[in-house]
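There are 2 protein chains.
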Amino acid sequence: MAIRPLAPLTWQLARLSTASEAPASTDWIPAHVPGAVQLDWAAARGLPDHNYGQNVRAYDGLEDFFWLYRTTVPAVKLAAGERLVLTGGGIDYHADFRVAGQTVLTHTGLCTPFELDLTDAPAGSPLEILIHPAPKRQALPADRSQAAHVTKPAVSYGWDWHPRLITLGLCADIRCEVRPAAHLRHVDFSYQLAGDFSSAQITVTAETNIPSAFTWKLRDPEGNVVIESATPTDTLAAPRLWWTHDHGEPALYTLEVTLTAPGADTHTRRVGFRSVRLVMHEGAWGQPAGFPKSRSTPPITLELNGRRIFARGTNWVAPEIFTGVITADTYRPLLELARDAHMNLLRCWGGAQVSKEIFFDQCDALGLLVWQEFPLACNYYPDTPSYLADLDRESRAIIRRVRQHPSLGFWCGGNELFNAWSGMDDQSHPLRLLNRNCFELDRDSPFIPTAPIGGMGHGDYRFRDETGRDIFQIFQGSANTAYSEFGCPGPSPVAYLKTFIPEAELWPVRPGTSWETHHAFNAWDMEPTSWLCTAIIEHYFGPATSLEQLVARGEWLQCEGYKSVYEEARRQAPRCSMALNWCYNEPWPSAANNSIINYPALPKPAYYSVQAACRPLLASARIPKFQWNAHELFSAELWLLNDHPAAQTGGELIATLEHDGQLTELVRWNFSGLAPQQSVAGPSVRMVLPDTPCGEFTLVLSVTGHREWNSSYRLSLKPARRPVPVSTATMNA
Amino acid sequence: MAIRPLAPLTWQLARLSTASEAPASTDWIPAHVPGAVQLDWAAARGLPDHNYGQNVRAYDGLEDFFWLYRTTVPAVKLAAGERLVLTGGGIDYHADFRVAGQTVLTHTGLCTPFELDLTDAPAGSPLEILIHPAPKRQALPADRSQAAHVTKPAVSYGWDWHPRLITLGLCADIRCEVRPAAHLRHVDFSYQLAGDFSSAQITVTAETNIPSAFTWKLRDPEGNVVIESATPTDTLAAPRLWWTHDHGEPALYTLEVTLTAPGADTHTRRVGFRSVRLVMHEGAWGQPAGFPKSRSTPPITLELNGRRIFARGTNWVAPEIFTGVITADTYRPLLELARDAHMNLLRCWGGAQVSKEIFFDQCDALGLLVWQEFPLACNYYPDTPSYLADLDRESRAIIRRVRQHPSLGFWCGGNELFNAWSGMDDQSHPLRLLNRNCFELDRDSPFIPTAPIGGMGHGDYRFRDETGRDIFQIFQGSANTAYSEFGCPGPSPVAYLKTFIPEAELWPVRPGTSWETHHAFNAWDMEPTSWLCTAIIEHYFGPATSLEQLVARGEWLQCEGYKSVYEEARRQAPRCSMALNWCYNEPWPSAANNSIINYPALPKPAYYSVQAACRPLLASARIPKFQWNAHELFSAELWLLNDHPAAQTGGELIATLEHDGQLTELVRWNFSGLAPQQSVAGPSVRMVLPDTPCGEFTLVLSVTGHREWNSSYRLSLKPARRPVPVSTATMNA
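Chains as they are written, first to last, in the numbering used here: chain A, 6 to 738; chain B, 6 to 738.
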């Protein structure tokens, strides 16, 4: 007999100014659990939709109150030995639990599970959870630094793509359940793969409330029982390995653990067998050359089941401002789009909350690897005992939960902690603690203290930098081992913009309006017009005359910009082994952002460019820059980019330059078969560009026999300047 | 009543071919404990002195035998509750203990203490310790890689300055003692200094054999009791901080811990209060600039008691081949010479064994900081469970012992592990394990996984590299954060050479003789004539005509080479904060070596150059190169190098160029007072050099009012080539 869940509890909520305030009966409002106090308050008090216009500011300050949730202990008939338990996966952020007015439990943290035994509480007793105000280092400015002393994710304190809206409340599932006399508290599945992957030595650990024997079964992906065991360890011969979808099948087995005591508990979950390592890239040991000699760069090449793979992926951020409303249906379309874009790695960024189980379940099934960060980002997290205790507890809970998933690729301490804006370093105790906890609880998964580590690069996040280099040039001039963040902003589509920007503000675009609230202006301190980047768009095209024209231009830059970086990173293999754009998705509607998918799951045009650039096999061109001049000698290197694990037949690549509907064939490249995962450099093409007023040309690559590898690049072409009549020139001077 | 040591045990030793072989009565030889089986065997069987000529080869293979030590359980009258215990600090390397023929204990490791309770063994029972053959990965070449699976230090497997002579035996103190009914097993002293160093929160932990209350006293450096406490924690107001000798007083307190049970144990030790951190250097956060942006370099600047200090020091290696013969008198002259050379940091290199307590005691007293490595060096130490268990045990023992010493600066995983010749990386489990153990057992002392880490540099180890840069140029062209190894080899003095090189081999020098055995040829694979470096000496001076001339030339290069690097590193502050030459001392007589002190404690001329370059205050010249040509324009930048913690009055620096007894004054630089720890750049001097056959000139810097800051630089001057008579030239062509 398994754990018996009870009907969902009915909750109410009241806002309090102090912890001891007693709400009047009229103060209570309905509460949705899981959810957030802000959402309940907005529903009850008629706050406007936070996603629209500048409404989000109406939510300011709600996080500074105490909030009291209440329900009652349910009436339930318990058999001998059964326990009634209230349990949940975590709370946002700090809470006291009271039964019949007595504080019986104090809890901190979004990912640390809690349990409260209610067996002895009379049915109908008041059960209350007092949520404390959001933690804030009050002396600091109203930004992420206010969260630098806690494990509460920093993103809701405000980011360049996330409004300041500090969530609070019962964000995770919380339920009452009846537990049999003997029940499972935690099941742990671990294994050692033989060096040649011919077998897996499995260990199943069952943590129980009382010492209890157990049996377990393992079913293969077709449901056949392949192991049935009464001992914790057993060996599986010829395990079907879990692969990312682009390299094989994400094979999942099913584990069933059953306590042998009569009437006892059972537990079922999907498991998989994979080996993930971070290894040195080919050639890494030869560098640095010469004396005084420093170390070689740290390993960042992913090796999955013994095969080095190029990681094509993206940075996953919170898909909702309010974690509590996330369901499997929130994750599913986003994750399927990632798979459809040929991505194999998601970096789950440390500014956001660690995802729910249903996220990892889907990654397991879809064959997506996860780079999982702990909740540290862009802050100086201190060595204080209180923070270390908080981080120790929360990180252990995260590791114990997530390590079970074959989709877990590796752990990372957090985002950009070894850079000036964070100020942490290798000696920081929080990062040494995380290294220790990962080593103790999941040592076979790699751990990096932060990203970037040495050799890796973050940024740029602009199509054109302050020195005038465009995004093509920036990355062709770089030699990083991994591009784990690079951004190329783009505006959101016009129809989408109209859903959350009031019509009166739509045109002309300007700061101080909903455009700025939704990150189109003053979002990132390195670029004043971020993320709409009007200054950069105008640099290439001059002032736009309509919203439609402005958006189309911005989309063009984002599409070609992202494509250029993904393909350049792949050309830089094996030194480079990773390309992850910043960012994939967003938690609310942005007017402009580095994202390629609008909230909640609407692909922007750039999504399809990234999808094209991430095909395991494609024809590619290394193009020196985006904008060309009439009469200039255009040139490009031709490549076949190949991450595919199987050998390919040869073919012919035809490069054509198109402008104004005219096609000029530049070269035909007959290439022989391709070895697995081996990109090939081909000829270069050159052509003097015409002078045409249409403003653009396209390089088209067609592959005979492999049409699915075809590519094209749409580039800007500036017409020659017409001679200015002398009289006019003089008048303007 | 304290632990009562008994009279030293009398040991005998026998060499066995197998573990089970029973020695004949004539097989037994006298054994010295602590010592080594090789030394006892040599004494008994008349092997020649291993330090002389090529005799060391006579010791080959002794490490492949089993060796049986024997003694008898002493007769001792025990009071009620007392225990008779055999105890020691470790064994080289793996041993079985037998009492009356029964194996009662198995032990591994040089630093892990052991205990064997003999209370119930009848007096006179045979007590045997069977030493197993030295661990060797037999399939590998006869070099350090044979030790890559164990914590036995790799150095005795052969190094470029250490013969292959793999030690074995009872290398540490081993004794029988009578322990009172209640006794102390371990006393731990830890403390937290207030941020402003105004107080120390002390915690004293006493591990006892049975639960026992204790009291403790703390005496200040003058012997006055400042705390007397019966609780584990107490606060010391205004602690006198422990400083390195160049920055203050190495203040030592005395801790006395006494068990309160009648007749129980007491323990006394010196302790000190200091804070050591590794911090980012000034300007570090500004780099790297530009995108894609990697991390800033890891911190390596030492901060002692809140003050950033420049680390002037050296690499300490094993002072004896056989650890067992080391006493306080072995360490004392070497450590006093280090202090006298103004050094404040010793890097205790991971190839060698961790030093004995008497080493750290002396460092505590002399005010020398220690960078302590674990026994990993230049090898790939694997992730295997057996090695990890070995390393876990040994490293915990090392940390528990050494963390008690105020002289402990920081921990390091080992030597050059992130370079090609080792092949370990940030994911290596042994290094993650060491990080964990240091974090758990001594988290307030910094930990680095290896040296070099990013930004730090090791090498070069030659006066002139293969591209023709001399050592002046190599380091003036570098920008590392720390030079934690740099070498400049020099020959040993002639009189010293004659003590271990047979007269017939002394001249001409050549490989294949005792010169090569003692590291003058083919020592380092990057330089065939290492370490005598005849090719480099001849490059500057042509062939030598006598041993005396060759040695004098080599000494000249070593003296000026080392001086140039120490002073250049100091000029590169604050980016650079550390200069440690490779190496300080040596374990046996070298014919040529990067060392500055010959075995056992004989300073080479280079010692005095290093001493001059490490003065906290000195006049210094940045000289572009060592060898100049007649008529060439000589130039040099003048500096005042200043690591002194107090402000200094001004003065006048007079730069003079001397050749053939002629003095030319180049400049007078009047400088005002110097701020603490602030070096100052002064004028440059220039002068066209004369054409003189004497072959050298000297730049002399004299400081009026601060004669102790005077410096001089002896440089090479090549006479102009004389026109060659035409007939001769033709004949030679």
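Treat the hints with care, since some could be wrong.
In this list, chains with the same sequence are indistinguishable; a pair is considered to hold if it fits within one copy or across any two.
Only pairs whose alpha carbons sit at most 20 Å apart, straight line, appear in this in silico DMTMM-like list of lysine to aspartate or glutamate [to be verified]:
| # | residue 1 | residue 2 |
| --- | --- | --- |
| 1 | Lys141 | Glu553 |
| 2 | Lys82 | Asp65 |
| 3 | Lys723 | Glu663 |
| 4 | Lys298 | Asp101 |
| 5 | Lys298 | Asp165 |
| 6 | Lys82 | Asp251 |
| 7 | Lys298 | Asp32 |
| 8 | Lys141 | Asp178 |
| 9 | Lys723 | Asp388 |
| 10 | Lys298 | Glu532 |
| 11 | Lys298 | Asp530 |
| 12 | Lys298 | Asp65 |
| 13 | Lys141 | Asp447 |
| 14 | Lys630 | Glu445 |
| 15 | Lys723 | Glu637 |
| 16 | Lys630 | Asp193 |
| 17 | Lys222 | Asp193 |
| 18 | Lys82 | Asp32 |
| 19 | Lys141 | Asp201 |
Derived from the structure by calculation, the hints contain no laboratory data.
In this text the structure is predicted, and so the values were computed from the model without any measurement.
Looking at the structure, which of the earlier hints fail to hold? Hints 1, 2, 4, 6, 7, 8, 9, 12, 13, 14, 16, 18 and 19 are the ones this structure does not satisfy, whereas the remaining hints hold.
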